[in-house]
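**Student:** Sequence:
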Amino acid sequence: EAAQAVRYRNAGTVEFLLDKERRFYFMEMNTRIQVEHPITEEVTGIDLVKEQIRIATGQPLSWKQQDVKMIGHSIECRINAECPDTFAPCAGLITRCQMPGGPGVRVDTAIEPGSEITPHYDSLIAKLIVHGATREEALARMRRALDECVIEGIKTTIPLHRRILDDPDFQKGRFSTAFLERFSSPPPAG
Numbered sequence: 019e020a021a022q023a024v025r026y027r028n029a030g031t032v033e034f035l036l037d038k039e040r041r042f043y044f045m046e047m048n049t050r051i052q053v054e055h056p057i058t059e060e061v062t063g064i065d066l067v068k069e070q071i072r073i074a075t076g077q078p079l080s081w082k083q084q085d086v087k088m089i090g091h092s093i094e095c096r097i098n099a100e101c102p103d104t105f106a107p108c109a110g111l112i113t114r115c116q117m118p119g120g121p122g123v124r125v126d127t128a129i130e131p132g133s134e135i136t137p138h139y140d141s142l143i144a145k146l147i148v149h150g151a152t153r154e155e156a157l158a159r160m161r162r163a164l165d166e167c168v169i170e171g172i173k174t175t176i177p178l179h180r181r182i183l184d185d186p187d188f189q190k191g192r193f194s195t196a197f198l199e200r201f202s203s204p205p206p207a208g
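Under this note's numbering, think of the first position of the sequence shown as 19, with each following residue one higher.
No wet-lab data here; the hints were simulated from the structure.
Here a beta-carbon is modelled for each residue, glycine too, at the ideal position from N, C-alpha and C.
All clues given are correct.
Between beta-carbon pairs, the in silico distance windows are:
1) Ala74 / Glu33: 18 to 26 Å
2) Glu166 / Lys190: 19 to 27 Å
3) Gly191 / Glu134: 35 to 43 Å
Heads up, simulated EDC-like pairs for lysine to aspartate or glutamate below, C-alpha to C-alpha not over 16 Å straight-line:
4) Lys87 / Glu59
5) Lys173 / Glu130
6) Lys87 / Asp65
Please construct the entire structure, taking both the sequences and the accompanying hints into account.
**Tutor:** In structure tokens, the structure reads:
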């Protein structure tokens, strides 16, 4: 309704917080495509970048809001060139790079062996996205995809993503904005 009230016509993201009593609180609207847009693309089948280009050329959206149907579950892991325990940026040369594939797996990246990661830019080096019919299938696909993802020469957040996926609270969908605090130090030895 807010976008309609101001006649907004483009990609945009409206963000909310959800509390324990399942009440929603408006946070913000971003008038741009989000880094996480592949999640929406995976569960709706809509190419948001294509639609944004259509709008920029004066064409209307090729669908209406009531036509959008959510199908399945999707998870995105942002692979950063960072120490997985301290989140400190990790610059260096990528010596080996092998990305996963298969049904329900998408990788958005431009890195390859020989890519130099400098400290002068955002540390995001890849987005690993999975889709499954159920949350459990999406979690299993992400575990497999993370196991198949090999990036050598620099530290990445892949080990952090594995620890998060193994967390029982995450698996059950029980987490809050404080969830990541338990992962801000190295995992226990053993």
